[in-house]
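Using the sequences and the hints, build the whole thing.
Protein chains in written order, with the working numbering: chain A, 1 to 256; chain B, 1 to 395; chain C, 1 to 389.
Incorrect hints may appear among the rest.
[What the hints assert, rightly or not] Here are the simulated DSS-like cross-link-like pairs (lysine-lysine), alpha carbons at most 25 Å apart as the crow flies:
no.	chain 1	residue 1	chain 2	residue 2
1	A	K171	A	K86
2	A	K125	B	K207
3	C	K251	B	K52
[Said to hold, decoys possible] Examples of chain C residues toward chain A, derived with CB under 7 Å:
no.	residue
4	G15
5	Y16
6	V17
7	R18
8	G19
9	V22
10	L25
11	A27
12	P28
[Stated by the list, open to error] Have a look at the derived ranges for each label pair, beta carbon to beta carbon:
no.	chain 1	residue 1	chain 2	residue 2	range
13	B	K309	C	K213	39 to 45 Å
14	B	M287	C	A79	37 to 43 Å
15	C	Y370	B	I20	49 to 55 Å
16	A	K243	B	I313	47 to 53 Å
17	C	M287	A	D88	55 to 61 Å
18	C	I131	B	T379	24 to 30 Å
19	C	V34	A	S153	34 to 40 Å
20	C	A288	A	R169	53 to 59 Å
21	C	Y298	B	V27	22 to 28 Å
Hint data in this document are derived by calculation from the structure and do not stem from the laboratory.
Using N, Cα and C, we set each Cβ at its ideal position, and we do this for glycine too.
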Amino acid sequence: MSQAAEAVSAPPSALAVEIIGMHKWYGEFHVLRDINLAVERRERIVICGPSGSGKSTMIRCINRLEEHQQGRIVVDGTELTGDLKKIDEVRREVGMVFQHFNLFPHLTIMENCTLAPIWVRKMPKKEAEDVAMHFLTKVKIPEQAHKYPGQLSGGQQQRVAIARALCMRPKIMLFDEPTSALDPEMVKEVLDTMVQLADDGMTMLVVTHEMGFARQVANRVIFMDAGQIVEMNEPNEFFLHPKHERTKLFLSQILH
Amino acid sequence: MSIAQESGPPKVALIYDPKIRSIAYQVILCAIILFLAWSAVRNAADNLARAKIASGFGFWNQTAGFDISQTLIEYSAQGGTYGRAFWVGLLNTLLVAAIGIVLATIVGFLVGIARLSRNWLIGRLASGYVELIRNVPLLLQLLFWYNAVLKALPDLRDSWSVFGNVYLNNRGFFAPYPIFGEGIGLVVGAFVVGVVGAIAFRIWARKRQERTGQQAPIGLVALGLIVGLPILAFFVAGMPATLEYPEKGRFNIRGGMEILPEFVALLIGLVLYTGAFIAEVVRAGIMAVSKGQTEAAGALGLRTGQTLKLVVIPQAMRVIIPPLTNQYLNLTKNSSLAVFVGYPDLVQIFTGTVLNQTGQAVEVVMITMAVYLTISLVTSMAMNWYNARIALVER
Amino acid sequence: MAVTTQDSKIMRHEGYVRGTQVDALPAPVALTGVIGWMRASLFAGPLNTILTILTILLLIWIVPPILDFLFIHAVWSGADREACLPTAEHPEVGACWAFVRDRFSYFIYGSYPIPERWRVDIFFAMLAIGIFWLLWLEAPRRDLGALYFFVVVPIVAYILLTGSPLIGLRNVDTSLWGGVLVTIVVSWVGIVFSLPIGILLALGRRSNMPAVKLFSVIFIEFVRGVPLITVLFMASVMLPLFVPDAYSPDKLLRALIGIAMFASAYMAEVVRAGLQAIPKGQYEGAMAVGLGYWQMMYLIILPQALKITIPNIVNTYIGLFKDTTLVVIVGIFDFLRTVEVSRIDPKWAAPTTSATGYVFAAIFYFIFCYAMSRYAKNVEARLGKADRR
Chain A
1 MSQAAEAVSA PPSALAVEII GMHKWYGEFH VLRDINLAVE RRERIVICGP SGSGKSTMIR
61 CINRLEEHQQ GRIVVDGTEL TGDLKKIDEV RREVGMVFQH FNLFPHLTIM ENCTLAPIWV
121 RKMPKKEAED VAMHFLTKVK IPEQAHKYPG QLSGGQQQRV AIARALCMRP KIMLFDEPTS
181 ALDPEMVKEV LDTMVQLADD GMTMLVVTHE MGFARQVANR VIFMDAGQIV EMNEPNEFFL
241 HPKHERTKLF LSQILH
Chain B
1 MSIAQESGPP KVALIYDPKI RSIAYQVILC AIILFLAWSA VRNAADNLAR AKIASGFGFW
61 NQTAGFDISQ TLIEYSAQGG TYGRAFWVGL LNTLLVAAIG IVLATIVGFL VGIARLSRNW
121 LIGRLASGYV ELIRNVPLLL QLLFWYNAVL KALPDLRDSW SVFGNVYLNN RGFFAPYPIF
181 GEGIGLVVGA FVVGVVGAIA FRIWARKRQE RTGQQAPIGL VALGLIVGLP ILAFFVAGMP
241 ATLEYPEKGR FNIRGGMEIL PEFVALLIGL VLYTGAFIAE VVRAGIMAVS KGQTEAAGAL
301 GLRTGQTLKL VVIPQAMRVI IPPLTNQYLN LTKNSSLAVF VGYPDLVQIF TGTVLNQTGQ
361 AVEVVMITMA VYLTISLVTS MAMNWYNARI ALVER
Chain C
1 MAVTTQDSKI MRHEGYVRGT QVDALPAPVA LTGVIGWMRA SLFAGPLNTI LTILTILLLI
61 WIVPPILDFL FIHAVWSGAD REACLPTAEH PEVGACWAFV RDRFSYFIYG SYPIPERWRV
121 DIFFAMLAIG IFWLLWLEAP RRDLGALYFF VVVPIVAYIL LTGSPLIGLR NVDTSLWGGV
181 LVTIVVSWVG IVFSLPIGIL LALGRRSNMP AVKLFSVIFI EFVRGVPLIT VLFMASVMLP
241 LFVPDAYSPD KLLRALIGIA MFASAYMAEV VRAGLQAIPK GQYEGAMAVG LGYWQMMYLI
301 ILPQALKITI PNIVNTYIGL FKDTTLVVIV GIFDFLRTVE VSRIDPKWAA PTTSATGYVF
361 AAIFYFIFCY AMSRYAKNVE ARLGKADRR
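Shown next as structure tokens:
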């Protein structure tokens, strides 16, 4: 009953993300099955699982890059439906970092970071540039501000992507395999940036295979397989005492 | 065992030295080409002298003695020279090329975007159009439009007419021709003011956005200024324009504006043909922008219109503009097919009639080629400069 | 929706293990199958819905009259214009296919003497064999096929078509050739010559020798910068001037030279793009092994470059095939010209004759060009697969 649902879920503003009974199909293929998740503010969630398990699809549903067909998704108190205004509201408060960076190659780093604040939050240019420099300094590449993405290394580009997302001052950050496309020596610089972000209190959902990061920073680790959340626990329990067969199998393949 | 001794570069027979070889090849090549050129010129001089054909460019100032059905400048059979006929032809070519380029771009962009549409019906229709047009020769399409469509229009007597003073028949399209009176200068001035004002407004709005972050509807205001001001001035000046109406007589239509079926057939053919190729160029350009760009822009909160304007189109244009300019050049060169439908363009007048009358093949063909060559080279250079300027900066 | 204790555990984020697996459920009906597809594609949003409706109306307006013209009211047999004139019983007359059937052999052979037409048939057959041999990627001894196509067929065809009294073949002047025969001959000569000459020009443009590079660039840019018609004019009107009177080339030869020059310049650019795409390491590897310039090109570079640019080469050939329609300016009767000449023949003066002729010509060109472009896409896909790991 709906009243029971309301009694169980916490008052809206405390939860960053609520997913209730969510299903998604690609054509005939049932890609996400009965997803239920509640993320509190300042929580850091790491999502792992074999490829094709639907983990990227799930977080992409949170900022409506993918549409769900059944169930409810509530982000920061706003429910995601077909309503374009609601979608815009949600996207302003949710930042995303992609596996392949997706920086805008025809704009400088500075312009990449100030584009959305100027055109979406209607900030004056000077203010937007100050904000951009602040976050570029935070990710430790302020001197690259006037270069173009093509002139930077992969690790630098990903850090710029993080700064660009932060310039919108989102309440929630989504990371879709942020280090999978990087050369090994650059993975650390990006992970360090993400750790610092976590220390600053950002709500984060991270899809990744980097288990060291999970152990260091996550409040919860979620294991997904075949479109379902199979196991979820806090990191120590998750890694030391996995309970489900499939979790055990996956961890044995990853951690060697 | 011997220690390597000091020696100069190994002695090589001259014939195996790459530098000598290279020079030898080039000298031989130049010699062959020069020989061919020299014998060609000598033969030409012989043959021309034998046929008693003049040489040189004196014909430029000779009286032409033939009529031209469409002239943008003053020209008459008795008063016009071959030189003047050249300019008439060139202007006709540029006219059909300019209008053709504008219309083909519109058609091409619409069809190219339609091919990428989610709508299956629209997508297939656009694809069908492109496949059909691209696989049938342009000449066939021109002949079809001219002979099977326009010439099949009714006779003068049975002209289709709209509103009583616009006539369509197999001799052309006749419409009222506006004659401008005294106050038209005011309208022109208002247009100039409108354009300047639109530019000034854009600059001011951009500066204001930088300062305060507020956005202004630049497009709408610009449109209002550029279109609205002249209209306003038109009424203020007391509507200084009268229309000269075409009068339909027994055997012809006098007055008004006449658009030749040759022009229309050539224009339709060129626009539909080039439009199909431009559609492919546009489609390739938009597809070249990776989906991740749209996703990243969306994830930042940009709306669809903003994403297109700030992220997708700037990147797509880089890929679109070089082949697009190529298609514009193709359209201009293809306009030479006017000779097959009787439209008096440069090739039809100059390499057609003038060459026939003067017999001076070499000069006439060379001049014609020089014109097209100039257009092509200038456009290529402009394009290369543009490409170098906007190239994405990489390591 | 009822919330179970399982859910509340998730909400409270205590340790959670899914007990039962969720089986795949069928997708909601409104989202799949034909209805789902229509909603997503044809009727997604107000703009799309309007466009779909307008398109359907447009198709209803256009398609039935076309089918009517082509099939339902078409006249399939008859001896002359009487068959295709509207009469009291048949007020509506569609395409006059009787006209096409009557003139069919003229469309194919032009004015080639009827008793000698078997020679043209042999030529077509030889050409078809050659094309099939070369294009079928799994055919045996394709190098022999190349020799056959580029050397044997031209020589045999020349003797066969123009005739040689020595072996009892009557001479047939090229001015009698016409129709599909001419279109095929002109395109094929263009194809055969433009590739080798284009390769030479492309190599010349990339050469280190300044004179060679200069001449190549001048030729390529000059020919590409002017319309084909002017090149044909040049070949047709100026060529006879440049050779001594005794050797004046016949009209077909002039057209062939013009077309070959034009196609070579465009082919040169296509090949150059392919050469540029070959990594420098290939050139260096070949040189390191001690190959000379021509060996390097023939054995290593050109095979790779040509493979990459096959789609563009075929596109150039498609353009060449369509460009053959312009040889009429030189006075040659290609296929389009035979249709054009036939449609104004008083014997077949009827309202739909012209349209029928053009439709027939369009179908002919469409089939050939579309087949070529399909082949190019096919090859591109296959080569793409080979590169993917």
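Hints, verified against the model:
no. : hint                          : in the structure
1   : A:K171 <-> A:K86              : 16 Å, holds
2   : A:K125 <-> B:K207             : 9 Å, holds
3   : C:K251 <-> B:K52              : 23 Å, holds
4   : G15                           : 4 Å, holds
5   : Y16                           : 4 Å, holds
6   : V17                           : 5 Å, holds
7   : R18                           : 5 Å, holds
8   : G19                           : 9 Å, violated
9   : V22                           : 4 Å, holds
10  : L25                           : 6 Å, holds
11  : A27                           : 4 Å, holds
12  : P28                           : 6 Å, holds
13  : B:K309 <-> C:K213: 39 to 45 Å : 43 Å, holds
14  : B:M287 <-> C:A79: 37 to 43 Å  : 54 Å, violated
15  : C:Y370 <-> B:I20: 49 to 55 Å  : 53 Å, holds
16  : A:K243 <-> B:I313: 47 to 53 Å : 52 Å, holds
17  : C:M287 <-> A:D88: 55 to 61 Å  : 60 Å, holds
18  : C:I131 <-> B:T379: 24 to 30 Å : 37 Å, violated
19  : C:V34 <-> A:S153: 34 to 40 Å  : 49 Å, violated
20  : C:A288 <-> A:R169: 53 to 59 Å : 58 Å, holds
21  : C:Y298 <-> B:V27: 22 to 28 Å  : 25 Å, holds
Violated hints for the displayed structure, listed by number in ascending order: 8, 14, 18 and 19.
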